[in-house]
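Residue numbers (our numbering), protein chains in the order written: chain A, 1 to 227; chain B, 1 to 227.
It should be emphasised that the hints constitute simulated quantities derived from the structure, not laboratory data. Only a predicted model underlies this, so the values are computations on that prediction, with no experimental measurement involved. Hints may contain errors.
[What the hints assert, rightly or not] Simulated crosslink set (DSBU-like; lysine-lysine; CA at most 30 Å straight-line): (1) B/Lys-152 <-> A/Lys-118; (2) A/Lys-49 <-> A/Lys-118; (3) A/Lys-141 <-> B/Lys-152; (4) B/Lys-170 <-> A/Lys-152; (5) B/Lys-3 <-> A/Lys-152.
Number of protein chains: 2
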Amino acid sequence: MDKQKAVILLSGGLDSATCLAIAQSEGYDVYGVTFDYGQRHNIELDAAKRIADRAGIPLLTIRFDMRLWGGSALTSDEINVPHGEGGDHETAPVTYVPARNLIFLSFGVSYAETLGAKDIFIGVNSMDYSGYPDCRDAFVKAFQQTATLGTKAIDENWQFNIHAPLQYMKKSEIITRGMELGVDYSMTHSCYSPDPDGFPCEECDSCTLRIRAFAELGMRDPALRKR
Amino acid sequence: MDKQKAVILLSGGLDSATCLAIAQSEGYDVYGVTFDYGQRHNIELDAAKRIADRAGIPLLTIRFDMRLWGGSALTSDEINVPHGEGGDHETAPVTYVPARNLIFLSFGVSYAETLGAKDIFIGVNSMDYSGYPDCRDAFVKAFQQTATLGTKAIDENWQFNIHAPLQYMKKSEIITRGMELGVDYSMTHSCYSPDPDGFPCEECDSCTLRIRAFAELGMRDPALRKR
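Whenever a hint applies, use it, and build me the whole structure from the sequences.
Next comes the structure, spelled out in structure tokens:
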């Protein structure tokens, strides 16, 4: 029997790379999709491509420009990425991009429907990113229902499954799981404001979270510049 | 007091042009958004621009290419647009684009969040397009809830309102309402496969519906080629 197809949203970061390994470990025939949405740098797109290649999956790149309407430090030159703010937010930080996961998941559903896939994986996590409404379980569950109602699924009597296996894992648990599955974290890129050579700044929220999690495991983040 | 802002999804067609007029008649300060998504022709984008200009509203054009993953006669060169099939479908026709309105509405939400708008207008209609799951009321209602959960709305304790004022109107009722509001239907474009001069084919589902509705009102569709 053919393996069931699944779509995964790949950002090039640590979480989605782990999520991909989990999807493959569950036996899915995985199709990647990544987004060139006007983020400040293309390093994460290169990382997504490397990760997809290593996992042996195809990668669809969808391009659109969220800078046209702005609203986030990740897409606007007028808002600075904060440094050393730590990872705990109760309200959306300036790196929040309005409705980004809603848009990404919607494209994922369209691609999945065309492929004949019912399963979509997304590496969202509400432990580290509680300030991002579009990373929370309530959103993911509601989206799953909306996607089913808005596609052929509803007429054909099946439903989309949005898998968010990292939802309640701490960063160090995610890394541990990924290492068991052979993820090469040196290939991943999570930094919001990399240096001119493409290495992580080691100071932004995203860097701080990773570095701390690897340290908890007695390791140095393998994506950092060699010393 | 400043007028409340609203976002409208404009396709250049008859329905969204009417929906825009309704939004303005309700007193909203309307911001248009249209999509260049790899549809076969740009005539509808030109129509959207004309309609926005005439209504005196700004128009944001968001570009992405759904042909990359295909799946519809409207975006694929390999699937033909059917002629004279009539407007009544119980399952999705080949002109259905997977999750199109899910993607469009998601961009609308992102734009609205950046603008500080809570209201989004979409000219979907489930009388004529019952075969399109993403035009139905159940989908629109579920989307509204998902959008609220996935944005700052949930933390700020407000909700998005997705307005679909044409949902239960017949095409002839839509036209009657639009004419009361001064919509110039000669500017609108609805045809799936226009002729080389950009005039409607008069044979596709979309043309057939319009022509019939104007005929019921004792009129000739003003967008047709002059005879």
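Verification of the supplied hints:
no. : hint                    : in the structure
1   : B/Lys-152 <-> A/Lys-118 : holds, 29 Å
2   : A/Lys-49 <-> A/Lys-118  : holds, 23 Å
3   : A/Lys-141 <-> B/Lys-152 : holds, 17 Å
4   : B/Lys-170 <-> A/Lys-152 : holds, 24 Å
5   : B/Lys-3 <-> A/Lys-152   : violated, 38 Å
In the structure shown, a violation is registered for the earlier hint numbered 5 alone.
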